[in-house]
Amino acid sequence: MYTTEMQKTAQVVSAEDPEKLAAFEARVAADEFIEPKDWMPEAYRRTLTRQISQHAHSEIVGMLPEGNWITRAPSLRRKAILLAKVQDEAGHGLYLYSAAETLGTSREEMIEALHSGKAKYSTIFNYPTLIWADIGAIGWLVDGAAIMNQVPLQRTSYGPYARAMVRVCKEESFHQRQGYEIMMHLAAGTPEQKRMAQDALDRWWWPSLMMFGPTDDNSPNTAQSMRWRIKRDTNDELRQKFVDITKPQADAIGLTVPDPDLRWNEEKGGHDFGAVDWEEFYAVVRGEGPVARERMKARREAWESNAWVREAAVAHAEKRAAREAA
Amino acid sequence: MASLPPIDVPTGATGKGAFDSSAEEARSVLFETLLRLGDDSLILGQRLGEWCGHAPSVEVDLSLANMGLDLIGQATHFLNAAGAAEGRGRDGDALAFHRDVLDFRNCWLVEQPNGDFAQTMARQLLFSTWQQLLFERLTASTDETIAAVAAKAVKEVTYHAELASEWVIRLGDGTEESRRRMQDGLDWMWRFVPELFEMDAVATEAAARGIGADVVAFRADYDARIAAVLAEATLAAPKDQRPILGGRRGHHGEHLGHLLAVMQFLPRTYPDATW
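The listed protein sequences derive, respectively, from chains S and U.
FYI, in numbering that gives the first Met the number 0 the residues of the first sequence are 0 to 325.
FYI, in numbering that gives the first Met the number 0 the residues of the second sequence are 0 to 274.
It should be emphasised that the hints constitute simulated quantities derived from the structure, not laboratory data.
As the structure is a prediction and not an experimental result, all values here were calculated from the model.
Treat the hints with care, since some could be wrong.
[What the hints assert, rightly or not] Here are the computed lysine to aspartate or glutamate pairs in the EDC-like style, where the Cα-Cα straight-line distance is at most 16 angstroms:
1. S:Lys193 <-> U:Asp271
2. S:Lys246 <-> S:Asp260
3. S:Lys318 <-> U:Glu175
4. S:Lys318 <-> U:Glu165
5. S:Lys193 <-> S:Asp250
6. S:Lys318 <-> U:Glu231
7. S:Lys318 <-> U:Asp172
Please construct the entire structure, taking both the sequences and the accompanying hints into account.
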């Protein structure tokens, strides 16, 4: 899944050694990868830690809306695919936590920050999966948007993040196809199935567009992030690309994108589309999404009610080490 | 009462031909054997899927989903083959989503609720160790599908048994709390073990025809493996309890109906739809 850079107040004023900073910036500008032991400006480290951990949290929280349907998937094949997909998300979470740890923050600290509400995760997962078609819509739209954002991140300047993205992107592309295939099937199915598919598109379309983050003129970090090659394209560029690719996919299966202002603009060579409701976006960022409380409750409960398992694993490892040492 | 035809061996009919009761019987034993195999995997896979997103750590989430996925894969093969053996046009999905409790042939062990992680691991150890020993034998089944699925799946369930053993050892020999929970989990599951070694008429006939295995033959091996894990976990084997039987004849506990209600609701609500 995917992350939005949501912190609007980051200060990138630097008190760094100008020589080191210049050398760093030259390396980044030459498209070299920065590795964990390399010198890097604190703001770079901070921004990346925040972005990668948000991305990791999004993968883990993102397991919940989809996990919600594993027990109810309507065929053995769908159940197997969904299990495999959610397993991939867990795997992505794991690489990303590991990538973030190379920047000096432990996984426990990151999880703590998630549970305390200090760290964010993608707003999209605060919407409910009330019907089966939502699993199709998540794959098609949400993972579709994620790919759009993550393909350029394969060339992001931080080596561990870029390498994690290579594998993540391969898997996301399978996720997106399976989601579209679910929608294709529903859209060509019974009237009830078609209704499910359209309803899911209606609900997931705008939140998917919000996944790219605020508009460029309202995204203060974009310039610095692009300069440091943490980001490769602006939010609006990616959003436009997503709309241009997705609209014909909806047409192909006879579904209607819920935007009366959506139309092809020959001159621009892309679609014009309606205004995103940013009030909704910021409300969800603040934790006011429809099922935000459920998501955080589920994560905290999983972590807290199973603390004894992790403690037991540590205790056992210590006993074993002590026996081996004796 | 099970709604499937009785499976006792008829005493009189021995002739061959269109109305060939012994051929009918052979199909029925094969069908029942495949259902037992498929339903065990399906129901346990379904249970493991319930953990998704709620496990103690990301790594555990991955391993539970991974085992669930293996089991759903096995179920798909076995149930599709069961449908083919039955010859009434039902496939794996029809069998998974359109049967009620009385027609499910899984053992009681796999339908037990997840409980806490220790209870889940107790169930996994007791079942996967058995499934591994069973599949090792089924690789030599005279039924080609069973032999082929067993050959692939034995690697999967060997890993499941190892993973469960490691967790039982960790939790048994971990903290006071984990030890208590692990012991409770084993106590809960223990009464369902004898059913795994039940040789009823179907199992006996399946073993005689070489399609199934004589499970009693590996009981001692099973007991030794479980005992070894419990010893390393510094846990005591629970006292033997009165065996609970009946799953193979469709007589289950109360949990299975709820599991099926969740699993089957979509295909049953929209019977004309395909997914």
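### Query
Lys318 of chain S and Glu175 of chain U: Cα distance at most 16 angstroms?
holds, 13 angstroms
### Message
Between the alpha carbons of Lys246 of chain S and Asp260 of chain S, is the straight-line distance 16 angstroms or under?
### Response
holds, 12 angstroms
#### Entry: 16 angstroms Cα cutoff - pair Lys193 of chain S, Asp250 of chain S
holds, 14 angstroms
### Message
So if I understand the rule, the pair passes when the alpha-carbon distance is 16 angstroms or less; does Lys318 of chain S with Asp172 of chain U pass?
### Response
It holds: about 8 angstroms lies between the C-alpha atoms, which stays within 16 angstroms.
### Task
Could you grab the alpha-carbon distance between Lys318 of chain S and Glu231 of chain U and see if it respects the 16 angstroms cut-off?
holds, 12 angstroms
### Query
Does the structure keep Lys193 of chain S and Asp271 of chain U at a Cα separation of 16 angstroms or less?
holds, 13 angstroms
### Task
Would you mind confirming whether the straight-line C-alpha gap from Lys318 of chain S to Glu165 of chain U stays at or under 16 angstroms?
holds, 14 angstroms
Violated hints are absent here; each numbered hint is respected by the structure.
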